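Order-wise, the sequence lines are chains A, B, C and D.
Going by the working numbering, 202 is the number at position 202 of the first sequence; the sequence numbering is gapless.
Going by the working numbering, 67 is the number at position 67 of the second sequence; the sequence numbering is gapless.
Going by the working numbering, 173 is the number at position 173 of the third sequence; the sequence numbering is gapless.
Going by the working numbering, 326 is the number at position 326 of the fourth sequence; the sequence numbering is gapless.
Treat the hints with care, as some may be off.
Claimed, not checked - Interface residues of chain C toward chain A, partial, derived using beta-carbon atoms under 8 angstroms:
1. G28
2. H191
3. L219
4. V223
5. T227
6. G248
Claimed, not checked - Straight-line C-alpha distance at most 30 angstroms; calculated DSSO-like pairs for lysine-lysine:
7. B:K67 to A:K253
8. C:K350 to A:K255
9. B:K67 to C:K30
10. D:K112 to D:K283
11. A:K255 to B:K8
12. C:K121 to C:K30
13. A:K136 to B:K8
14. D:K265 to D:K137
15. C:K36 to A:K255
16. A:K136 to D:K283
17. B:K9 to A:K110
18. A:K136 to A:K110
19. C:K498 to A:K253
20. A:K255 to B:K60
21. B:K8 to B:K67
22. C:K30 to C:K498
23. B:K67 to C:K292
24. C:K350 to D:K52
25. D:K256 to D:K137
26. C:K121 to C:K36
27. A:K129 to A:K255
28. C:K292 to D:K52
29. A:K253 to C:K36
30. A:K253 to B:K9
31. D:K283 to D:K265
32. D:K52 to D:K92
33. C:K498 to C:K36
34. B:K60 to B:K8
35. B:K67 to B:K9
36. A:K253 to A:K110
37. C:K350 to C:K292
38. A:K110 to B:K8
39. B:K9 to A:K255
40. D:K137 to D:K92
Keep in mind the hints are simulated off the structure, nothing from the lab.
Note that the coordinates shown come from a computational prediction; the quantities given were computed from them, not determined experimentally.
We put the beta carbon where it would ideally sit given N, CA and C, even for glycine.
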Amino acid sequence: MALIETETAPERIELHAEHHPHLAHHFESMEQQREAGTLGMWWFLLTEIMFFGGMFLAYTVYRHIYFDAFAAGSNVLSIWWGTFNTAVLIASSLTMALAVFHAQMGNSRKVVRFLLFTIILGTIFLRVKYIEYSDKFEEHVFPAGDFRWPIEHEANRPNNVGDMLLMLIGAEPLNSSPQGPEHAFSVKVTTKYAEKGPYYGVGGQVPEEVQDPGFGGHVRMYFWLYFAMTGFHALHMIIGIGLLLMLAWQARKGKFSREYHSYIELTGLYWHFVDIVWIFLFPLLYLVDRHL
Amino acid sequence: MSEHIVPKKIYYRIFGALLVGTALTVIFAFINLGNFNIVAALLIAIAKALLVITFFMHVKYSSRLTKLWVAVGFIWLFIMLAITMTDYLSRAWLVYRP
Amino acid sequence: MSMTPLTATAGRLTSEGEPLNYLNNGHGLKSWLLTKDHKRIALLYLFSVSFFFIIGGIFALLIRINLLSPEGLFNPDTYNRIFTAHGIIMVFLFLVPAVPAVLGNFLLPIMIGAKDLAFPKINLLSWYCYVVAGIFLTVALIAGGIDTGWTFYTPYSTSYSNSNVLLAGVGIFIAGFSSILTGINFIVTVHTMRAPGMTWFRLPLFIWAHYATALVIMLGTPVLAITLSLMALERVAHVGIFDPAMGGDPVLFQHMFWFYSHPAVYIMVLPAMGVVSELIANLARKNIFGYKFVAMSSLAIAVFGFLVWGHHLFVSTQSIYLGIIFSFLSYAVAIPSAIKVFNWTATLFKGSISYDTPMIYGLGFIGLFLIGGMTGLFVAALGIDVHVTDTYFVIAHFHYVMVGGSLMGFLGGMHLWWGKITGRMYPEYWARAAMVIQFVGFNLTFFPQFILGYLGMPRRYAAYPPEFQVLHVLSTAGATILGLGMLITIIYFIWSLKNGERAPANPWGASGLEWRTSSPPPTENFLETPVVTWEAYEFAPIETMDVLGYPGDPGKPSQPVPAEHGTED
Amino acid sequence: MIHHSLLAMSWMLPEQASSYAPEVDHLYEFLVGTTIFFCVLIFAAILFFFVKYRRRSSDEIPRPIAGSMVLESAWTIIPFIISLFMFAWGAKIYLQEYTIPNDALDIYVVGKQWMWKFQHPEGQREINELHLPVGRKIRFIMATEDVIHSFFIPAFRMKEDIVPGPNRYTTVWAEPTMTGQFHIFCAEYCGTSHSGMIGWVTVMNDRDYQNWLSGGAAEGSMADRGASLFQQLGCITCHRSDAQGQCPRLEGIYGKEQLMSDGQKVVADDSYIRESVLSPLAKIVAGYQPIMPSFQGQVSEEQIQELIAYIKSIGPPETTNATPGTMKGSTKISAPGSNPAAKPPIMTTGGATIVAPQTEKAQPAQLPQQTPGQNQ
Ligand code: HEA
Ligand code: HEA
Ligand code: CUA
Ligand SMILES: [Cu+2]
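Generate the whole structure from the sequences, applying the supplied hints.
Here's what the structure looks like:
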């Protein structure tokens, strides 16, 4: 309540000697316009929290019920890629923050540069996601269609930074193969979880008459949540990159200045938010019961 | 209300802290802490998120109102999770526990 | 008071010599479809929600016709599609947007002395989202209909019903986007764009109510969006997230659905409550008794409204302990509503009560909402809900709050501000007659349903045992009368656009900024920035109020101003 | 129970045909009364003000009244107290409705699009018709074959959703107190013929009921049918009483706590057995390999119920003395008339079987052993 009372009504009558060209007609001042934008963006992010929240809820419930299946599914993901991508996204948050910093300083050229860095890092993130997704398709753990459990064939997983870089550019990794340490997956998972039984619908959809999907069906639920959550996250990344490209273009043309750069700030908020979502997704999806 | 400019130095420090946090997350995941694995993972994630919110997103320098709204967002999420989980925890038919 | 000229257009005349206002400032379809003026967008919304209301109403009449006979006049599949269409259209395409997107959109900036909402383009986008949502749902209806009920319970919706569910899911998702966009606009506008002197506790209660509504919209709607997305994806991929055959839990769907849909009932009623505060205050010329309590009770409803969703799940196999908690919280959330009702009643004390139509609607709202709300207490009582849930008792409960409450509030507001919006007054005699017809018809429709429900008549029944017929026939008779009342209202509103009396700036002697600009208002609402020096609902003789629209005799039809008054930008 | 009230005597209440129906109606009447009170209060005030303070001249402006803290507190606190009362009363009835008594007669219910199927332990099967004895507590153990249905008998004021899933039976109970015929409805929307999913429950006095029972059931009691299914489906090949440790013996497990391989303890109730048959992997008994196949799709809901009835019936006499400290008391409830009084009270909603904390002492069942499943 105090919060509300101390806030006074916005000043509005003061005459503005010069109207900033970017001041919309219905605002009285740049200050007011900026504030409105920031508040609007924060509220938008609140709705985003609740949007992802629905999936976090489903995740929490099913992880609680089917913990073993979630642990088994989680162990199929590559911890190397997960960690790498987390670092990439954090770095992109840093470059985004620096872009905003330079925008505040009115340093247009650096703004463009840091926006580009951010875009590049974001693209790397998506590239990794693409690799991971293809691997999951190859391993037949995409939850719709030809889902199989336990997996019969393992895709290549990196187990060092060099391999990751090679794989990023599409080359064959040197020493990561199903025999590498990450292969421990098959051994660990099959010993710990194999006894849980197979997926009754091996080789396709669960047949109509066999309704019990068994343990593998619950793993499938894990992968469903994995794809839904990371998929929606990736969609947000794509939108973010689109926005950044637009901003970089505008910044290059000199649209922004010390006084007027709120779009950069707002997009920054958005970008950081997407980063935060990943900060939670990473341990929740990649790190369930890793200590086998 | 003019905008507050955060020195670059702080950004780099936060970046460092976030990387350390990521490393810790991974390390803790490989240590068997029983039920505390998830607690540790979440605590670290919350700490990292707070760093991002506070510094990268400038909430530290924003109005109390902004702080309130950020809190509201997470509190609402918590309400949804907590109340729904109450159902699952007090319904006896679901007993697949880890 | 400073004389900041606001627009290039304000105060000018059209080529026909009419004062330039938001209606005649720009002609042609394009000037409407691409408008960023909140008032024009409100009219776009008015047109589209009315359209869907009539469609939804026709479906309602079809429901009632079917139930004339115990065997049901239509086949069950048809009937199931009818009530689903009725529920979905009325909730998502009519009542959720009705008051906020029409009256809120039109009035919120004017009432706080702003030129527009904070994000005009987003406002327009919101309307387009609404239209797209409407198209999706219409296509779903035409393509064979949806038969899940508006609640889409799984696994029926995901594994048994037809795949129009997918279209409907997407449609509602987009409709949700539309209300989120409106919500953002409201919150930001109220925070950042109040006129000088317009402090928080000078805000009209209409604004408080809309602010609270916006909070609910923002925090609830995204959950519905993701729930329906997951449902639609489940429908396509059958992975089992809500399908028990695959290890999913249908009750989780219910939790997620009601996490939005209970708060949504407050999205539907809070704005109408805001309207009622205005109706009562302005037509009794009294400040609202206990202003701060009424304002804060809106926030309380918004916040506590999020804690009670499980009262729709009392027999759904959720944990009984949680059921008990939810019941308790449901009673807690009833208290702020009670506070409002008592305060409105007390406001009438020693007022100067006018018998004009809006006031009658206001009183109708209080009476019907009271009954609806009190029967909410019945269904919140666990032992009773076990018996009456999913019966006509619940149907009657929510029609009393949604039709008797929200719809009456909406219509009351439409009458109060009709002159402001269109520049013409509605015909008072017909309006009163229609209101009385609606009131009688309404009670005849829905009161028998309480009895039906307690006797055990389940809802969503295409056919029923013959002993319920008498009450069903009564109800159908009532619906016919109610429909007639609605039809009269629709007709005279349209009639008045051409033939109504011209509306003065302040036909009611009301207080509030919207009465200090001309009817209809100029494009940027005021000719100069208003400075608020009075409290909320501080009534003053009409001559003493400045009109910041077109200068001229207050209380008289707006006068044109000399062209030099407006300055170029 | 005789019930005096205006509403009950009028046509506004359905028959009160169960033990808790009158109490539900009492609360209902209390709420009707409260509603009338507030409606009269507020309508009277409004009408009075409306007439007394009508506008007399078009320019009058009444004196503003700010408000009153006293009034505000009064109309916050008084409704709150009243509603606390409603809440407590409602919750009390709710607990009563969902606390399953332990001396109940089991009726198995299967909902399916769009019919109700019932089985009596004695073996009678019915569709959309149900015969019950008056004055006996009845426990309905319910499952669905497809979507959610809701078992609703208005005259009993009883309703509960039946949610699909291998791991839940929904349980609800009522004690009919009046003979006659009453409606059964499906109260949760379930598709095209939702409104056709209705039937009748016929409550009869004990003698008529016994007569009725002895009339049908050519194939023997549920447990008998379960026994032959146990053979047919090959359960017997593993679960033999002389099994060499490969498979757990099922004698006497019903109602007892079982230790799972992950250390968890589960009571072997109906839901558990059903799940063991449909998703055997969900819970693995400690010390055994998960080799039991799922019978999903091979057994109908009714057959599962018969298997359960059979497993219930095979408690060997030696196990009547349960080890103190584990499951107390008798391990079986079987045919009507047996009184496993020492069974812990079970409260359930939605198949949530919650074993209430035990206060009573371990008490070996000294009941005369009946051959379960036999008709009396
Ligand atoms: C505008 C919409 C609206 C509003 C405002 C409300 C208001 C309330 N509703 Fe309602 N409700 C619906 C719309 C609404 N509802 C709909 C659509 C459904 C069914 C959906 C479906 O299944 O399809 C539903 C269903 C529903 C149920 C589930 C029933 C069931 O399915 O079994 C419950 C249960 O608790 C409930 C409770 C309440 C309560 C306690 C209030 C309270 O907020 C009411 C508070 C108001 C008052 C109490 C009146 C003022 C009182 C006084 C002045 C007097 C003194 C007060 C006291 C003594 C406390 N509602
Ligand atoms: C805002 C919400 C809203 C509104 C306004 C209404 C309005 C009405 N509703 Fe509805 N109703 C719901 C929301 C609403 N309803 C919901 C959510 C459900 C649950 C659905 C489900 O179970 O899934 C429901 C269910 C429902 C049922 C139960 C169906 C069942 O369970 O089997 C019934 C039955 O009587 C009913 C009746 C009515 C009636 C008679 C009106 C009347 O008030 C309607 C009055 C209006 C008119 C009659 C139209 C007037 C206009 C004209 C006549 C003009 C014609 C003009 C031209 C052609 C130019 N409604
Ligand atoms: Cu079965 Cu409705
Ligand atoms: Cu509700």
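Verification of the hints:
{"no.": "1", "hint": "G28", "in the structure": "violated, 21 angstroms"}
{"no.": "2", "hint": "H191", "in the structure": "holds, 6 angstroms"}
{"no.": "3", "hint": "L219", "in the structure": "holds, 6 angstroms"}
{"no.": "4", "hint": "V223", "in the structure": "holds, 5 angstroms"}
{"no.": "5", "hint": "T227", "in the structure": "holds, 6 angstroms"}
{"no.": "6", "hint": "G248", "in the structure": "holds, 7 angstroms"}
{"no.": "7", "hint": "B:K67 to A:K253", "in the structure": "violated, 34 angstroms"}
{"no.": "8", "hint": "C:K350 to A:K255", "in the structure": "violated, 60 angstroms"}
{"no.": "9", "hint": "B:K67 to C:K30", "in the structure": "violated, 42 angstroms"}
{"no.": "10", "hint": "D:K112 to D:K283", "in the structure": "holds, 27 angstroms"}
{"no.": "11", "hint": "A:K255 to B:K8", "in the structure": "holds, 23 angstroms"}
{"no.": "12", "hint": "C:K121 to C:K30", "in the structure": "holds, 15 angstroms"}
{"no.": "13", "hint": "A:K136 to B:K8", "in the structure": "violated, 40 angstroms"}
{"no.": "14", "hint": "D:K265 to D:K137", "in the structure": "holds, 29 angstroms"}
{"no.": "15", "hint": "C:K36 to A:K255", "in the structure": "holds, 24 angstroms"}
{"no.": "16", "hint": "A:K136 to D:K283", "in the structure": "holds, 29 angstroms"}
{"no.": "17", "hint": "B:K9 to A:K110", "in the structure": "holds, 16 angstroms"}
{"no.": "18", "hint": "A:K136 to A:K110", "in the structure": "violated, 39 angstroms"}
{"no.": "19", "hint": "C:K498 to A:K253", "in the structure": "violated, 52 angstroms"}
{"no.": "20", "hint": "A:K255 to B:K60", "in the structure": "holds, 28 angstroms"}
{"no.": "21", "hint": "B:K8 to B:K67", "in the structure": "holds, 22 angstroms"}
{"no.": "22", "hint": "C:K30 to C:K498", "in the structure": "holds, 22 angstroms"}
{"no.": "23", "hint": "B:K67 to C:K292", "in the structure": "holds, 25 angstroms"}
{"no.": "24", "hint": "C:K350 to D:K52", "in the structure": "holds, 8 angstroms"}
{"no.": "25", "hint": "D:K256 to D:K137", "in the structure": "holds, 23 angstroms"}
{"no.": "26", "hint": "C:K121 to C:K36", "in the structure": "holds, 6 angstroms"}
{"no.": "27", "hint": "A:K129 to A:K255", "in the structure": "violated, 33 angstroms"}
{"no.": "28", "hint": "C:K292 to D:K52", "in the structure": "holds, 27 angstroms"}
{"no.": "29", "hint": "A:K253 to C:K36", "in the structure": "holds, 27 angstroms"}
{"no.": "30", "hint": "A:K253 to B:K9", "in the structure": "holds, 28 angstroms"}
{"no.": "31", "hint": "D:K283 to D:K265", "in the structure": "holds, 10 angstroms"}
{"no.": "32", "hint": "D:K52 to D:K92", "in the structure": "violated, 45 angstroms"}
{"no.": "33", "hint": "C:K498 to C:K36", "in the structure": "holds, 25 angstroms"}
{"no.": "34", "hint": "B:K60 to B:K8", "in the structure": "holds, 15 angstroms"}
{"no.": "35", "hint": "B:K67 to B:K9", "in the structure": "holds, 23 angstroms"}
{"no.": "36", "hint": "A:K253 to A:K110", "in the structure": "holds, 13 angstroms"}
{"no.": "37", "hint": "C:K350 to C:K292", "in the structure": "holds, 20 angstroms"}
{"no.": "38", "hint": "A:K110 to B:K8", "in the structure": "holds, 13 angstroms"}
{"no.": "39", "hint": "B:K9 to A:K255", "in the structure": "holds, 27 angstroms"}
{"no.": "40", "hint": "D:K137 to D:K92", "in the structure": "holds, 19 angstroms"}
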